[in-house]
Amino acid sequence: MALPIYASPLQRAWYYGFRTICTLIFLFLIVPILVILPLSFNAEDFFTFTPEMLRFDPEGYSLKHYRDFFSNSDWQNAVVNSLRIAPMATFLSVSFGTLAAIGLSQPHVPFRRAIMAILISPMIVPLIISAAGMYFFYSRIGLQGTYWGVVMAHAALGIPFVIITVTATLVGFDNSLTRAAANMGAGPVRTFFRIQMPLILPGVISGGLFAFITSFDEVVVVLFVGSAGQKTLPWQMFTGLREQISPTILAVATILIAISIALLTVVELLRRRSERLRGMSPG
Amino acid sequence: MANTADSSQDIAHSAPVTGPVLGNDGRPLKASLAKSLRRQKLRALGLIAPLLIFVLLTFIAPIADMLFRSVENNIVGDVLPRTVVALQDWDETSGELPDNATFKAMALDLKEAVEDKSHTRLGSRLNYEQSGISSLFRQTGRKVKRLDVEETTDFVAAFEDMNKKWVDVENWQTIKAFSGRFTDGYFLAAADLTKGPEGIERVPENEQIYYTLLLRTLKMSLIITFSCILLGYPIAFLLATLPLRTSNLLLILVLLPFWTSLLVRTSAWKVLLQQQGVINDTLVWLGLVADNARLELINNQTGTIIAMTHILLPFMILPLFSVMKTIPPSYVRAAKSLGANDWTAFWRVYFPQSVPGIGAGSILCFILSIGYYITPEIVGGTKGVFISNRIAYHISSSLNWGLAAALGTLLLVVVLGLYWLYDKFVGIDNVKLG
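Chains U and E, in that order, give the protein sequences.
Under the numbering used here, the first sequence has 200 at position 200, and the numbering climbs by one with no breaks.
Under the numbering used here, the second sequence has 168 at position 168, and the numbering climbs by one with no breaks.
No lab work stands behind these hints: they were computed from the structure.
A few of these clues could be false.
To spell it out: a stretch of chain E is covered by chain U in this simulated footprint if at least three of its residues, at any positions, have a beta carbon under 8 Å from a beta carbon of chain U; those stretches are [said to hold, decoys possible]:
hint	segment
1	91 to 105
2	151 to 163
3	275 to 287
4	346 to 360
5	383 to 392
Some chain E residues close to chain U (C-beta under 10 Å, calculated; not the full set) [unchecked claim]:
hint	residue
6	Gln40
7	Leu262
8	Val264
9	Ser267
10	Leu416
By construction, the Cβ of each residue, glycine as well, lies at the ideal position given by its N, Cα and C atoms.
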């Protein structure tokens with residue numbers, strides 16, 4: 001919608017006005033995240049720009065909050081716990097979820113709508129309700145406060161994402177390929193791993209990334225289902241924010257932003273590859 | 001091989017004969033087809049079954065447990081079995097105390113309950129319904145050990161001796177009212193209602209916390225949804241009208257916050273909105289705000305609204321954008337060539353076609369925001385919290401799990417109702433990620 005040369009002054013004013021408004025909204029979206037980055041290098045324990053920082057004086061900047069993060073045992077335990085929980089939860093939701101997505105994509109599935117509704121429900125139900133229910137039920141069966149309790153809760157929360165992304169990839173899947181493989185003598189297992197899996201892999205990986213992020217970023221459920229032994233990174237951040245907020249949190253936030261930029265890039269590349277494989281876009 | 005050849009000859013022979021069409025194994029084709037369809041269905045179900053069982057166990061069972069807990073009330077019947085039976089014959093509206101036998105049953109029940117200290121749990125359970133009853137049970141529990149059931153004849157006097165509150169008819173009314181296996185007490189409490197002598201009535205105005213909280217949750221969710229529409233619509237419109245290359249680039253600015261950890265975004269706002277934070281500093285530096293009159297942006301409703309609008313904005317932009325992409329630009333051009341000015345062309349032609357996107361985004365934002373816990377907890381202070389914060393409080397601090405479950409059930413019903421609408425108008429299958 002480039003501005004035509006015959007545009008009236010009013011149209012001109014609107015054209016530039018609208019772009020200004022949009023720029024401001026984009027700033028609202030992105031600035032809060034970007035402001036964190038320089039603040040995490042603050043040499044003082046302040047949450048605002050010191051005069052030294054504004055003068056770009058090297059004295060005003062330091063890595064001390066990062067040093068604190070890497071030397072503080074609370075934070076390091078939290079990182080270890082997150083890295084123990086998230087991959088296991090991702091593994092469970094991806095392996096169960098991929099199988100079920102393949103099942104759901106068959107042409108004849110009885111009760112498909114009901115099954116889909118049940119499998120998607122962890123995404124729909126507000127987290128606080130899931131957390132409350134899991135807290136009640138898991139303490140009944142002795143899973144509350146255990147590693148496996150948290151892993152299973154997180155796997156359940158990640159499953160809808162795997163189901164959605166993998167079924168979306170399977171929509172474009174050409175079933176004659178599996179028939180051709182079977183025709184040439186490959187068994188169902190071999191067909192799955194050699195033919196179907198490589199083709200739906202982009203969907204599986206991005207579903208897995210969503211599941212990983214869900215677990216890695218989840219705090220409400222782990223607050224209730226977990227105990228001190230499962231204190232994850234978001235939990236540690238949450239306590240930090242609620243009690244004594246220390247600038248170390250900004251260093252952690254910066255690291256997490258870097259991770260999410262990396263993940264966003266991976267998902268975008270996978271999406272393009274998947275579309276190219278299925279011939280949906282020429283690029 | 002020979003077998004197949006035989007059966008194919010069979011077909012050749014049987015072809016002219018009228019009757020069911022046979023497959024090459026000699027069975028009716030229809031039956032074979034049905035069998036293979038059945039096998040396909042079973043195979044599909046077999047693939048789905050592990051996950052379905054997993055979700056039923058790890059997710060659906062907990063939700064069912066919560067629903068059950070919101071009405072469950074076994075504790076009175078379990079701790080005071082004899083009393084509950086004895087109270088059945090007592091007329092609670094008479095205004096008289098139960099008979100001596102009921103007091104004796106209570107003495108026997110309490111003696112047993114003191115052994116495993118379940119009388120204190122019962123006391124705190126009944127205390128939700130009538131305050132003061134918890135201390136009554138605790139004190140009596142200490143004294144009832146010394147009561148000799150064989151020797152005593154006048155149990156009413158013995159109980160009055162232990163604690164005067166036992167001759168208060170109101171306490172007995174409460175015990176009888178909550179002696180059933182199931183109760184609606186938690187739901188009544190969640191709706192700010194109480195069971196009085198003359199049936200269900202509203203609690204006094206100054207104690208109506210849940211009604212106020214629910215109203216505030218709905219009001220603030222509406223405000224947040226509306227601000228998301230206001231901010232999201234121009235962005236989605238811009239993205240949909242720009243050339244693909246530019247819009248893909250700008251889309252990153254929307255996706256980056258979407259992908260950034262919720263805790264990171266919340267901490268960003270906690271840092272920015274402080275009185276000594278970046279926003280206030282900037283406003284003071286610009287001279288818009290006096291240094292001694294810095295704005296209070298955090299620990300109140302303003303903080304919650306700003307932070308949550310930022311967090312939910314991508315959930316508005318993405319569905320809006322995907323709807324607007326499908327609106328053909330030729331419609332607006334056609335409207336203009338028929339003489340509509342810019343505004344009319346937009347308002348009468350473009351906007352109505354983008355309404356489904358607004359609907360989808362709004363329902364999504366609204367559902368997400370009424371169930372939010374983390375952000376209100378951190379930036380909301382006391383005035384900016386939602387109903388979910390109250391649920392968390394009852395689970396971890398006040399330990400009134402029944403009330404937490406009842407509040408959760410109410411919230412769940414609202415959310416499922418909204419999702420039903422969403423499914424009706426948009427379709428759950430159309431949920432897109434990234």
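message: Let me make sure I understand: some of the numbered hints might not hold for this structure. Which ones are they, in numerical order?
response: 1, 2 and 4
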